[in-house]
Amino acid sequence: MPDTVIKITDLRKSYGKFEAVKGISFEIYRGEIFSILGHNGAGKTTTLEIIEGQRNRSSGQVEVLGMDPETRRTEIFRHVGILPQDFNFLELINCGEAIDFYIKSLDARDTVDGILERVDLLDKKDSLIKNLSGGEKHKLGLGLALVNDPEILFLDEPTTGLDPVARRSVWKIIEKLKGSGKSIVLTTHYLEEAQKLADRVCIMDRGIITITATPDEIIHKYGKGSVLRLSFDEDDMNGFLRLGLLHRRSGDFIEMDISSMDEFFSIIERFKEARISPQNLTLTRDTLEDIFIGLMGGDTNEA
Amino acid sequence: MKLRRILLYLKLDAKSFMRGKTGPFFLIVFPIILILLFGSIFGTSGVASKTTLVVQNLDPGNDTWAIVEGLNQTGLFSVVVIAPNVNISTYIAQNSIDSALQIPENFSANFANGVISLTYYSNPSNPIASALGQTLANDIAQSYNSNLAGGKSVSLVNRPVLAKFTKTIDYYIPGFIGFTILSGVFALIYQVPNYREKKIFRQLSFVGLTKSEWLAASVIFFTLSTFLSDLILVGIGYAVFGANLSLTIRSILLSALVIFLGMISFLSIGLLAGLLTKEENSASLIGNVIFYPMLFLSGVFFPISDMPAFLQVVSEFLPLTYFIKALDNLILFNDIQVVILPIIIMAVIAVLLFFSASYIATKKERL
Ligand SMILES: Nc1ncnc2c1ncn2[C@@H]1O[C@H](COP(=O)(O)OP(=O)(O)O)[C@@H](O)[C@H]1O
Ligand SMILES: [Mg+2]
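Quick note, the sequences are listed as chains A and B, same order.
Just so we're aligned, residue 1 is where the first sequence starts under the working numbering, counting upward by one.
Just so we're aligned, residue 1001 is where the second sequence starts under the working numbering, counting upward by one.
Simulated from the structure, these hints should not be mistaken for laboratory data.
Errors might be hidden in some of the hints.
Stated by the list, open to error - Simulated crosslink set (PhoX-like; lysine-lysine; CA at most 25 Å straight-line):
{"id": "1", "chain 1": "B", "residue 1": "K1211", "chain 2": "B", "residue 2": "K1198"}
{"id": "2", "chain 1": "B", "residue 1": "K1363", "chain 2": "A", "residue 2": "K17"}
{"id": "3", "chain 1": "A", "residue 1": "K130", "chain 2": "B", "residue 2": "K1199"}
{"id": "4", "chain 1": "A", "residue 1": "K17", "chain 2": "B", "residue 2": "K1278"}
{"id": "5", "chain 1": "A", "residue 1": "K125", "chain 2": "A", "residue 2": "K172"}
{"id": "6", "chain 1": "B", "residue 1": "K1011", "chain 2": "A", "residue 2": "K130"}
{"id": "7", "chain 1": "B", "residue 1": "K1278", "chain 2": "A", "residue 2": "K130"}
{"id": "8", "chain 1": "B", "residue 1": "K1002", "chain 2": "B", "residue 2": "K1199"}
{"id": "9", "chain 1": "A", "residue 1": "K182", "chain 2": "A", "residue 2": "K196"}
{"id": "10", "chain 1": "A", "residue 1": "K130", "chain 2": "B", "residue 2": "K1015"}
{"id": "11", "chain 1": "B", "residue 1": "K1002", "chain 2": "B", "residue 2": "K1015"}
{"id": "12", "chain 1": "B", "residue 1": "K1278", "chain 2": "B", "residue 2": "K1015"}
{"id": "13", "chain 1": "B", "residue 1": "K1198", "chain 2": "A", "residue 2": "K125"}
{"id": "14", "chain 1": "B", "residue 1": "K1198", "chain 2": "B", "residue 2": "K1011"}
{"id": "15", "chain 1": "A", "residue 1": "K172", "chain 2": "A", "residue 2": "K130"}
{"id": "16", "chain 1": "B", "residue 1": "K1363", "chain 2": "B", "residue 2": "K1198"}
{"id": "17", "chain 1": "B", "residue 1": "K1011", "chain 2": "A", "residue 2": "K104"}
{"id": "18", "chain 1": "B", "residue 1": "K1364", "chain 2": "B", "residue 2": "K1278"}
{"id": "19", "chain 1": "A", "residue 1": "K125", "chain 2": "B", "residue 2": "K1011"}
{"id": "20", "chain 1": "B", "residue 1": "K1211", "chain 2": "B", "residue 2": "K1002"}
{"id": "21", "chain 1": "A", "residue 1": "K130", "chain 2": "B", "residue 2": "K1211"}
{"id": "22", "chain 1": "A", "residue 1": "K104", "chain 2": "B", "residue 2": "K1002"}
{"id": "23", "chain 1": "A", "residue 1": "K7", "chain 2": "A", "residue 2": "K182"}
{"id": "24", "chain 1": "B", "residue 1": "K1198", "chain 2": "B", "residue 2": "K1015"}
{"id": "25", "chain 1": "B", "residue 1": "K1198", "chain 2": "A", "residue 2": "K104"}
{"id": "26", "chain 1": "B", "residue 1": "K1211", "chain 2": "B", "residue 2": "K1015"}
{"id": "27", "chain 1": "A", "residue 1": "K104", "chain 2": "B", "residue 2": "K1211"}
{"id": "28", "chain 1": "A", "residue 1": "K104", "chain 2": "B", "residue 2": "K1199"}
{"id": "29", "chain 1": "A", "residue 1": "K125", "chain 2": "B", "residue 2": "K1199"}
{"id": "30", "chain 1": "B", "residue 1": "K1015", "chain 2": "A", "residue 2": "K104"}
{"id": "31", "chain 1": "A", "residue 1": "K125", "chain 2": "A", "residue 2": "K104"}
{"id": "32", "chain 1": "B", "residue 1": "K1198", "chain 2": "A", "residue 2": "K130"}
{"id": "33", "chain 1": "A", "residue 1": "K125", "chain 2": "B", "residue 2": "K1021"}
{"id": "34", "chain 1": "B", "residue 1": "K1278", "chain 2": "B", "residue 2": "K1211"}
{"id": "35", "chain 1": "A", "residue 1": "K17", "chain 2": "B", "residue 2": "K1364"}
{"id": "36", "chain 1": "A", "residue 1": "K125", "chain 2": "B", "residue 2": "K1015"}
{"id": "37", "chain 1": "A", "residue 1": "K130", "chain 2": "B", "residue 2": "K1021"}
{"id": "38", "chain 1": "B", "residue 1": "K1198", "chain 2": "B", "residue 2": "K1278"}
{"id": "39", "chain 1": "B", "residue 1": "K1199", "chain 2": "B", "residue 2": "K1364"}
{"id": "40", "chain 1": "B", "residue 1": "K1364", "chain 2": "B", "residue 2": "K1211"}
Isolated chain B, as found in the complex (with noise of 0.2 Å):
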C-alpha cells in the first residue's frame, strides 16, 4: 500500500463524490432528516426531559432508600418521591404518571425468604412505560442479589437497554450514527458493480491503484464525511432538542475510533457485497438484504435483550452490534472501561474484513 496514491486517489473520489447529487444528501441532508424526524417523534420538543419515575416507598430501611437513591444515580430518570400515605393509584390519575415504582411494605422481609417483591404501575396504553417496568424490575432484583449480600449499598447497574426506553433523543444518537455509517456503505455497494462494470477498477489498476488501497481511501473518505454527519447530527440533537450527551475528549476521541473501525469492517462488506453483482440494480437488493436485518439485529432501536434467543446470538456475531455498544458506552455514559473490549474485537474484525475483502477483489477482477 501507497499512502500516496491513496490519498491521490481520495482526492480525485472525494470530487466525484460530492458532484454527484446524492453524494451531498446522505452526507448532509439526510443526517439531518433523520435526526429532525426521530427528534419529533421520540424527543420531546424543545427541552429534553427525562422519563419522571414515581416512587413510593411503603418499607422505609437503609436499604430500600438505597435502591431509591440508585435510581436517581443512573441519571435517567427524574425520581419523584411520594409519602406513604399518598393512595399512588390516584397521584399516577391525576398526574399523568406513565410509571411509578413501589417498594411494598414488607419487601425486606422478603427478601430474607429470599423473595423479591415490588409493584410497578405503568400506564398501559404507553408501551415504553410497561417495558421499562419489566427491565427495572430485573435490574434491581439483580443488583440487590449481588450487592447486599456483600453488605454493600444496592445500586443500579446503568443499562444501555434500559436506556432505550427514556424519551430523551440522547439514547437514539448512537443508532443515528450507525445509520450514517451505513449511508456511507450504500454509497459504496453501488459504487463497485458501477466500476467493475464500467471497468473503472482496471483503468485504476493501470497507476498501480490496488484494491486495499481503493479500499483505504474509501475508508479515509467516507470516515471523515461520517465524522461530518454526525457533528451535524449531535449538533442539532443539542440545538433543537436539548440532548445531553457525556461528552470528553477522551469520549469523542474513542468515538472517532470507534467510527473509523467501523468503516473499515462495514465498507468491506459494502466492497463484499458489491462483488456480488455486475449491475446496479441487483446491488440496491443486496444492500437491503444486508443492511437492513443488521440494523435491527444490533440494537439501534431494539433493546437485544428483548429479542429471541436465537436472533440474540445472530446479533453477537454482527459488526455492527459492537459498534452500538461502544458508541451507546461512550457517548451516553462515558463509561471507558466497558469499551474496551468491543474496540478490541471491532478492530480484529477490521483488520480480517479489510484483507480478505481487498483479497477477494483482486482476484476477482482477474481476468
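So here's chain A without its partners, still in its complex pose (with noise of 0.2 Å):
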C-alpha cells in the first residue's frame, strides 16, 4: 500500500453561480511526481490553492498528511513548500537576501549558497529580483519553496512563459528532485512536461478529471502505439514481402503498427537475417499530445 499524502474526495468549487471544479478525486503518494495537465481555465490553480489551504472549497473532502487545509492551514504551510503561479517578491531584494529571510522566519537548517545551489542559482545571489528573468524567477520560487524542505511541494505551472532552454533547466532541478523523498504535485499545460516529469499524470478539463495514470498507461490505453515506416528499392520490397510482416501501403512507403520495443527489435532482426535494408526508417511513437488533443476533441483554447 502506497502512502497517501493528499486524498481529494469528491471536491467542488463554484464562483458565484460558476462552478470551476465539478467534483474530483485523486489521492497522491508520498515521493512521487503527480501532474495535473490541463488547459487554462481547466481548474488547476483552484485546485492547488485549495489544498494548500489558501482557498476554500465549495464542498468535497480534502486531507493533506492527515489534515484538514482549511481548518489546519498554518500547521500545513510548515509542512508544504508552494510556488505559485506569476511567483513575485519584494523587487529591490536580492536572491540571497530573500532566501535568507526565509530561512531565518522559518528556523531552517539550510544554509542561503545551499538553496542557491540547489536551484541552479549561485551567481544570480546578489542580483535584485526585479532583473531577473523569467526563468530565474521561477528558480528563485522554487528555491524558497525548499526553504523549509517540504513532504510536499506544489509547483503552479512552473515553466509556462520560459523559453525552451530555461524550460529545460527547471526541469532539470525538478528532475533533481525526484527521489528525494518528496512528493511533488505539478500542474501544467505542457504535455511533454508532464510526460517527461510525472509519475502519474491526471488530465483536467472544465473542472473535470477525466483519466489518472501513468503517463505509459494512458499512452498505452488511449494512444494507437508506435507505427514503424520504411521504404524499400524494388529488390529490397520483393525481399520484404517474402517475409510476410503484417503492413500497410501510404504512397510509396510501408508503415507497420508497433506494440513494442521487443518487435520493433526483432523486425530489424529479421531484415538484417533476409539481408534487405529499409530506407528512411522512422518510428513515431503517440505522445500524450496526440492522445490530449484526441481527448479534448482538439480544443485548443489557449485563453
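Join these two chains into a complex; the hints should help.
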C-alpha cells in the first residue's frame, strides 16, 4: 500500500454561479510526482490553492498529511512548499536576501548558498529580483519553496512563459528532486512536461478529471501505439514481401504498427537475416499530446 | 504576533524602501524642501522675530497693566508699550507696525458695567495681523472675565490657534511633522495595492508573516524614518530660521510617543485605504481624497476655530487633529498637562485602528 499524502474526494468549487471544479477525486502518494495536466481555465490553480489551504472549497473532502487545510492552514504551511503561478517577491531585494529571510523566518537548517545551488542560481545571489529573467525568477520561487524542506511541493505551472532553454533548466532541477522523498504536485499545460517529469498524470478539463494514470498507461490505453514507417528499393521490396509481415501501404511507404520495442528490434533482426536494408526509417510514437488533443476533441483554447 | 518575524521583515522592507527612488526622497529630501519653502515664505529669514505688538494703555491701573503683562508672558509677541500721549495712528504709520492694541480710557468703567472695549489696530493688507486682533480680543475678554472675577491677576491663555498667526517658523513645525507622517502613509497606500496585485502578501504568508506583523513592521520602520526626517526638519528650523522650540527631554520623549501613536493610526488607515483598490493608479486618488482633507481639517495650517461649525465637528473625529494638538502643546509650549488627554485618545484610536485594519486585511486576502 503506498503512503497517501493527499486525498481529495468529490471536491467542488464555485465562484458565484460558475462551478470551476466539478467534483474531482484523486490521491497523491509519498515520493511521487503527480501532474495535473490541463488547458488554461481547467481549474488547476483553484484545485491547488484549495489543497494548500489558501482557498476555501464549496464541498467535498480534502486531506493533506492527515489534516484539513481549511482549518489547519498554518500547520500545513510548515510541511509544504509552494511555488505559486506568477511568483513574485519584493522587487528590490536580491536572491540571497530573499532566501535568507525565508531561512530565518522558518528557522530552517539550510544555508543560502545551499538553496541557491539546488536551484542553479548561485551566480545570481546578489541580483535584485526585478532584474531576474523569467526562468531565474521561477527558480528563485522554487528555491524559496524548498527552504522548509517540505514533504510536499506544489508547483503551479513552473515553466509557463519560459523559453525552451529556461524550461529545460527548470526541468533539470525538478528531476533532481525526484527520489528525494518529496511528493511533488505539478500543474502544467505542457504535455511534454507531464510526460517527462510525472510518475502519474491526471488530465483535467473544465473542472473535471478525465483520466488518472501513468503517462505510459495513458499512451498505451488511449494511444494508437507506435508506427514504423520505411521504404525499400525494388529488390529489397520483394525480399520484404517474402517475409510476410503485416503492413499497409502509404504512398511509396510501408507502415507497420508496433506494440513494443521488442517487436521493433525483432523486425529489424529479420530484415538483417533477409539481407534487406530499409530506407527512410522512422518510428513515431504517440505522445500524450496526441491523446490529449484526441480526448479534448482538438480543443486548443489557450485563454 | 512574533517579534522575530516582524524584525526580519522590517530589515527586508527597509532595504527595499531605501533602494527605491521615492523612499529616500520622501524621507530626507522632502522634509528639507518643505521647511525651506515654508520657512522662506512665512518665517523671517535669518533671525526669528516675534510679531511686534504695540500696546498703549490709556486707562492705567493694576488690572489693565496685568493685561499687558499677560500678553508679554505668552512669549508670542514682542510687546512694545508706548506712552499715552503718543498718537497711535501716527506711530503705526511711521514705524510700519502691523498690529497695535489700545486699552481705552474708559476700559475699567465699561468693564464694571459688563462691557469690554478694546481697540485693535491692524494693517488691513496684512490678514495675519487682522486675524490676530480678533483672536486676541476674544482671549483677553475671556481671561479677564474668568480671572478677574476671582480676584486674581489677569493672564492670557496660551492658545495654539493664536500662535498660528505669529510669523515665526516654530508654529509650522508641528504641521510639518504631521506632513512627514503622512508621507509614510502615502508610501503605504501605494505599497498595499502593489503587494496585493503581485500577491506578495501571500508569498509572505508562506513564512507565517501575518497582516498585523506586516503592519507592525511598517509602523516601526516609518516611525524610525519619520524621527530621522523630523530631526533634519527641526535641525534646519534651528540652523536656518532660528526656530525656538521649547524642547526638553520630556517633551521630546512625549513627542516621540505621539509620533509613534500617530503612525499606528495613520498607517492602519493607509492599509485600509490601500485595500480599496488593487491598482496603483487609483491608490493615489484614494490617498489624496483621504489625506488632504484630513491635513486641512486638523488645524495643521489653518486654525480649527476659524472653520465653519460642522467642519469643526468633523475635525474632532480626525486622528490628525489630536496629533497636531498634542505636538503643538509639547514642542511649542512644553505644556505636558494639556497633552495627556489627546495622547490617551490617540492611544485608544491607534489600538482600535491597528487591530481592525489587520483583521480586515486578513479577511480580504483570504481566497
Ligand atoms: N477568483 C475567481 N473568481 C471567479 N472566477 C475564477 C476565479 N479564479 C478562477 N476563476 C475561474 O475558474 C476557472 C478555473 O480557473 P483556474 O483554477 O485558475 O484554472 P487554471 O489554473 O487551470 O488555468 C476559470 O474559468 C477562471 O476564470
Ligand atoms: Mg492556473
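For each hint, the structure was consulted:
For a cut-off of 25 Å, the pair hint linking K1211/B to K1198/B stands: about 16 Å separates their Cα positions. Distance check on the hinted pair: K1363/B and K17/A sit about 22 Å apart at the alpha-carbon level, within 25 Å; holds. Taken as a hint, the K130/A and K1199/B pair is honoured in the structure, with Cα atoms around 15 Å apart against an allowance of 25 Å. Taken as a hint, the K17/A and K1278/B pair is honoured in the structure, with Cα atoms around 24 Å apart against an allowance of 25 Å.
A hinted pair counts as satisfied when its Cα atoms are at most 25 Å apart, and K125/A with K172/A qualifies at roughly 20 Å. In summary, the hint linking K1011/B to K130/A is supported, as the alpha carbons are separated by about 18 Å, within the 25 Å threshold. For the suggested pair K1278/B and K130/A, the alpha carbons sit about 20 Å apart, so the restraint of at most 25 Å is met. Annotation: proposed proximity of K1002/B to K1199/B holds, straight-line Cα distance about 22 Å (limit 25 Å).
Of the pairs offered as hints, the one joining K182/A and K196/A holds, with about 17 Å between alpha carbons and a cut-off of 25 Å not exceeded. For a cut-off of 25 Å, the pair hint linking K130/A to K1015/B stands: about 14 Å separates their Cα positions. As the CA atoms of K1002/B and K1015/B are separated by approximately 20 Å, the hinted pair is consistent with the 25 Å bound. Pair hint K1278/B plus K1015/B holds up; C-alpha atoms about 24 Å apart against a cutoff of 25 Å.
Annotation: proposed proximity of K1198/B to K125/A holds, straight-line Cα distance about 22 Å (limit 25 Å). Between K1198/B and K1011/B the alpha-carbon distance is near 20 Å, which keeps this suggested pair within the 25 Å criterion. With a C-alpha separation of about 24 Å, the suggested pair K172/A and K130/A falls inside the 25 Å cut-off, and the hint holds. This hinted pair checks out: K1363/B and K1198/B have alpha carbons roughly 18 Å apart, not beyond 25 Å.
Proximity of K1011/B to K104/A is assessed by CA-CA distance (about 12 Å); at most 25 Å being required, the pair is judged to hold. Taken as a hint, the K1364/B and K1278/B pair is honoured in the structure, with Cα atoms around 12 Å apart against an allowance of 25 Å. Proximity of K125/A to K1011/B is assessed by CA-CA distance (about 18 Å); at most 25 Å being required, the pair is judged to hold. A hinted pair counts as satisfied when its Cα atoms are at most 25 Å apart, and K1211/B with K1002/B qualifies at roughly 12 Å.
With a C-alpha separation of about 24 Å, the suggested pairing of K130/A with K1211/B holds against the 25 Å cut-off. With a CA separation close to 13 Å, the supplied pair K104/A and K1002/B stays within the 25 Å bound. Between the alpha carbons of K7/A and K182/A the distance comes to roughly 16 Å, so the proposed pair stays at or under 25 Å and holds. A threshold of 25 Å between alpha carbons decides the hint, and for K1198/B with K1015/B the separation of about 19 Å falls inside it, so the pair holds.
For the proposed pair K1198/B and K104/A, the alpha carbon gap of about 23 Å is at most 25 Å, so the pair holds. For the suggested pair K1211/B and K1015/B, the alpha carbons sit about 19 Å apart, so the restraint of at most 25 Å is met. Using a Cα cut-off of 25 Å, the hinted pair K104/A and K1211/B holds, with the two alpha carbons roughly 19 Å apart. As the CA atoms of K104/A and K1199/B are separated by approximately 21 Å, the hinted pair is consistent with the 25 Å bound.
For the hint linking K125/A to K1199/B, the alpha-carbon distance of about 23 Å falls within 25 Å, and the restraint holds. For a cut-off of 25 Å, the pair hint linking K1015/B to K104/A stands: about 16 Å separates their Cα positions. For the hint pairing K125/A with K104/A, the CA-to-CA distance comes to about 17 Å; that is within 25 Å, so the pair holds. Restraint check: the Cα-Cα separation between K1198/B and K130/A comes to about 12 Å, which is no more than 25 Å; the hinted pair holds.
As the CA atoms of K125/A and K1021/B are separated by approximately 22 Å, the hinted pair is consistent with the 25 Å bound. Of the supplied pair hints, the one linking K1278/B and K1211/B holds, its CA atoms being roughly 17 Å apart against a limit of 25 Å. Of the pairs offered as hints, the one joining K17/A and K1364/B holds, with about 21 Å between alpha carbons and a cut-off of 25 Å not exceeded. Among the hinted pairs, K125/A with K1015/B is consistent with the structure: their alpha-carbon atoms are about 16 Å apart, no more than 25 Å.
Straight-line distance between C-alpha atoms of K130/A and K1021/B comes to about 14 Å, which keeps the hinted pair within the 25 Å bound. Of the pairs offered as hints, the one joining K1198/B and K1278/B holds, with about 9 Å between alpha carbons and a cut-off of 25 Å not exceeded. A distance of roughly 12 Å separates the Cα atoms of K1199/B and K1364/B; the hinted pair therefore holds under the 25 Å criterion. Annotation: proposed proximity of K1364/B to K1211/B holds, straight-line Cα distance about 11 Å (limit 25 Å).
In this structure, none of the earlier numbered hints is contradicted; all agree with it.
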